[in-house]
Amino acid sequence: MIGRGGFGSVYKGMLETTPGQLKNVAVKMLDTTGHQGDKEFLVEVLMLSLLRHEHLVTLFGYCAEGDQRLLVYEYMPFGSVEDHIHGYGSEEEVLDLSTRMQIALGSAKGLAYLHNVAQPPVIYRDLKTANILLDHGYKAKLSDFGLAKFGPSGDMSHVSTRVMGTHGYCAPEYASTGKLTMKSDIYSFGVVMLELITGRKPIGDACMGAKRLLVNWALPLFRDQEIRKIADPMLSIQGHHYLEEAVERALVLAYMCLREDANARPTVKEVVEALDNIVKFIERKKKKKKESNIGYGRGVELEKKAAVAVSSPNETTRMLSVNEIEVEVEEEDEDLERERAVADAKNWAETMRALRRQSNEPPKQTTP
1 MIGRGGFGSV YKGMLETTPG QLKNVAVKML DTTGHQGDKE FLVEVLMLSL LRHEHLVTLF
61 GYCAEGDQRL LVYEYMPFGS VEDHIHGYGS EEEVLDLSTR MQIALGSAKG LAYLHNVAQP
121 PVIYRDLKTA NILLDHGYKA KLSDFGLAKF GPSGDMSHVS TRVMGTHGYC APEYASTGKL
181 TMKSDIYSFG VVMLELITGR KPIGDACMGA KRLLVNWALP LFRDQEIRKI ADPMLSIQGH
241 HYLEEAVERA LVLAYMCLRE DANARPTVKE VVEALDNIVK FIERKKKKKK ESNIGYGRGV
301 ELEKKAAVAV SSPNETTRML SVNEIEVEVE EEDEDLERER AVADAKNWAE TMRALRRQSN
361 EPPKQTTP
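1 is the number of the first residue of the sequence shown in full-length UniProt numbering; add one for each residue after it.
Keep in mind that the hints are not guaranteed to be accurate.
As the list claims (entries may be wrong) - Quick list of in silico lysine-lysine cross-link-like pairs, DSBU-like style, CA-CA up to 35 Å:
| # | residue 1 | residue 2 |
| --- | --- | --- |
| 1 | K12 | K149 |
| 2 | K286 | K269 |
| 3 | K109 | K287 |
| 4 | K201 | K286 |
| 5 | K269 | K285 |
| 6 | K280 | K229 |
| 7 | K287 | K139 |
| 8 | K39 | K12 |
| 9 | K285 | K179 |
| 10 | K139 | K290 |
| 11 | K201 | K288 |
| 12 | K288 | K139 |
| 13 | K287 | K201 |
| 14 | K149 | K39 |
| 15 | K229 | K139 |
| 16 | K229 | K289 |
| 17 | K269 | K280 |
| 18 | K109 | K280 |
| 19 | K286 | K229 |
| 20 | K290 | K201 |
| 21 | K201 | K285 |
| 22 | K201 | K149 |
| 23 | K139 | K109 |
| 24 | K12 | K23 |
| 25 | K285 | K109 |
| 26 | K269 | K288 |
| 27 | K179 | K290 |
| 28 | K229 | K288 |
| 29 | K229 | K290 |
| 30 | K39 | K109 |
| 31 | K149 | K179 |
| 32 | K269 | K109 |
| 33 | K229 | K109 |
What the hints assert, rightly or not - Pairwise CB distance ranges, derived in the manner of DEER restraints:
| # | residue 1 | residue 2 | range |
| --- | --- | --- | --- |
| 34 | G204 | E16 | 30 to 36 Å |
| 35 | K39 | K288 | 49 to 55 Å |
| 36 | C63 | E291 | 53 to 59 Å |
Hints listed in this document are in silico derivations from the structure and should not be mistaken for laboratory results. For glycine and all other residues, C-beta sits at the position ideal for the given N, C-alpha and C.
Turn these sequences into a full structure, and let the hints steer you where they fit.
Shown next as structure tokens:
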């Protein structure tokens with residue numbers, strides 16, 4: 001057994017795809033003791049039969065004989081995001097910030113497919129780290145569609161349904177009224193973002209006090225710009241200015257997803273765009289730092305070579321070529337870098353203005 005959830009257990013198995021060819025699969029055995037379990041089985045078969053995307057798990061087949069209700073999926077070798085973030089697996093390695101943001105981006109792309117491409121649109125309704133599975137290279141895929149609902153159609157603004165999902169992830173308006181919208185998923189995504197950034201559970205973390213929600217703990221600290229207190233200590237952002245900036249940008253996005261007013265939350269398309277910018281920002285800064293370190297390392301090596309040549313009088317001393325002496329560090333095109341900086345500044349200014357409006361903070365007075 002490789003996992004257990006609210007609707008049954010998951011086992012690792014082998015499936016013969018062609019004669020003599022075996023493939024690892026995950027087999028979910030649903031608990032069908034009640035009507036609800038049978039309903040979740042039918043919903044999941046329906047949803048995954050209709051939906052196909054690189055960031056959604058693939059359903060290979062199912063079994064519905066007698067009391068047996070089995071679902072056969074592609075096997076995700078790296079487990080769930082929950083396993084990695086909260087250390088449920090004994091051998092899970094710590095995910096760095098770049099990997100966490102790429103996982104968030106992949107998850108958002110899967111959600112974007114459900115909201116914007118699937119016909120009819122689908123509301124996931126159970127977005128959480130336990131349901132984000134990781135393939136090779138930490139590629140994120142959404143799983144477990146037993147609670148998914150088709151979105152509103154025509155002039156309808158929401159779907160009315162019995163409140164389901166996981167405590168700590170549910171949008172407040174859905175939990176209180178049962179009115180489900182696409183923005184309910186966006187709220188849940190904001191909680192997932194906070195988990196990735198803080199490394200804390202959505203509810204019940206002892207460090208946050210008894211029965212405190214992660215959202216209630218993190219947002220006041222964010223408003224006070226206590227970035228280092230919020231960030232997972234395992235990320236080691238202290239002393240790395242670009243990592244602190246990336247965490248701050250990710251927190252701004254999480255904050256926007258967690259707005260009380262559902263209409264004020266971003267669309268999933270906007271979430272994907274924001275995360276894509278964050279991932280590119282981190283990669284760009286990592287590349288520049290790596291190039292800088294390579295240049296420094298080559299310079300040290302050349303100094304050693306020169307020292308050896310000078311201190312070895314019995315050996316034939318040769319002249320070092322210009323190519324060996326000069327340390328060439330590839331620089332980014334200045335115009336391109338300037339354009340990136342201007343674009344980043346504009347995006348950041350717009351985000352912070354929106355943040356101030358949401359927090360009802362009056363604009364700072366300036367003296368003419």
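These are the hints, each one checked on the structure:
Taken as a hint, the K12 and K149 pair is honoured in the structure, with Cα atoms around 28 Å apart against an allowance of 35 Å. About 26 Å separates the Cα atoms of K286 and K269, which keeps this hinted pair within 35 Å; it holds. Using a Cα cut-off of 35 Å, the hinted pair K109 and K287 holds, with the two alpha carbons roughly 25 Å apart. Restraint check for K201 and K286: the C-alpha separation of about 28 Å stays at or below 35 Å, so the hint holds.
About 25 Å separates the Cα atoms of K269 and K285, which keeps this hinted pair within 35 Å; it holds. Distance hint between K280 and K229 is fulfilled; the C-alpha atoms sit about 25 Å from each other, no more than 35 Å. This hinted pair checks out: K287 and K139 have alpha carbons roughly 21 Å apart, not beyond 35 Å. Of the pairs offered as hints, the one joining K39 and K12 holds, with about 24 Å between alpha carbons and a cut-off of 35 Å not exceeded.
For the hint pairing K285 with K179, the CA-to-CA distance comes to about 42 Å; that exceeds 35 Å, so the pair is violated. Restraint check for K139 and K290: satisfied, since their Cα atoms lie roughly 24 Å apart, inside the 35 Å limit. About 34 Å separates the Cα atoms of K201 and K288, which keeps this hinted pair within 35 Å; it holds. Distance check on the hinted pair: K288 and K139 sit about 25 Å apart at the alpha-carbon level, within 35 Å; holds.
Taking the CA atoms of K287 and K201, the gap is near 32 Å; set against the 35 Å cutoff, the hint holds. For the suggested pair K149 and K39, the alpha carbons sit about 12 Å apart, so the restraint of at most 35 Å is met. With a C-alpha separation of about 28 Å, the suggested pair K229 and K139 falls inside the 35 Å cut-off, and the hint holds. A C-alpha spacing of about 25 Å is found between K229 and K289, which places the hinted pair at or below 35 Å, so the restraint holds.
Distance hint between K269 and K280 is fulfilled; the C-alpha atoms sit about 17 Å from each other, no more than 35 Å. Straight-line distance between C-alpha atoms of K109 and K280 comes to about 16 Å, which keeps the hinted pair within the 35 Å bound. Pair hint K286 plus K229 holds up; C-alpha atoms about 23 Å apart against a cutoff of 35 Å. Restraint check for K290 and K201: the C-alpha separation of about 33 Å stays at or below 35 Å, so the hint holds.
With a C-alpha separation of about 29 Å, the suggested pairing of K201 with K285 holds against the 35 Å cut-off. Our distance criterion of 35 Å between C-alpha atoms is met by K201 and K149, whose separation comes to about 26 Å. A threshold of 35 Å between alpha carbons decides the hint, and for K139 with K109 the separation of about 11 Å falls inside it, so the pair holds. The suggested pairing of K12 with K23 holds, with an alpha-carbon distance near 11 Å, which does not exceed 35 Å.
With a CA separation close to 23 Å, the supplied pair K285 and K109 stays within the 35 Å bound. With a C-alpha separation of about 29 Å, the suggested pair K269 and K288 falls inside the 35 Å cut-off, and the hint holds. Between K179 and K290 the CA atoms are separated by roughly 49 Å; this puts the pair beyond 35 Å, and the hint is violated. Between K229 and K288 the CA atoms are separated by roughly 27 Å; this keeps the pair inside 35 Å, and the hint holds.
Pair hint K229 plus K290 holds up; C-alpha atoms about 27 Å apart against a cutoff of 35 Å. Simply put, K39 and K109 have alpha-carbon atoms about 27 Å apart, close enough for the 35 Å limit, and the pair holds. A hinted pair counts as satisfied when its Cα atoms are at most 35 Å apart, and K149 with K179 qualifies at roughly 12 Å. Under the criterion of a C-alpha separation no larger than 35 Å, the hint pairing K269 with K109 is consistent with the structure, at around 8 Å.
For the hint pairing K229 with K109, the CA-to-CA distance comes to about 29 Å; that is within 35 Å, so the pair holds. Range check, G204 to E16: Cβ separation about 43 Å, and the 30 to 36 Å hint is violated. Against the hinted window of 49 to 55 Å, the Cβ-Cβ separation of K39 and K288 comes to about 53 Å, which satisfies the hint. The supplied range of 53 to 59 Å is met by C63 and E291, whose beta-carbon atoms lie about 54 Å from each other.
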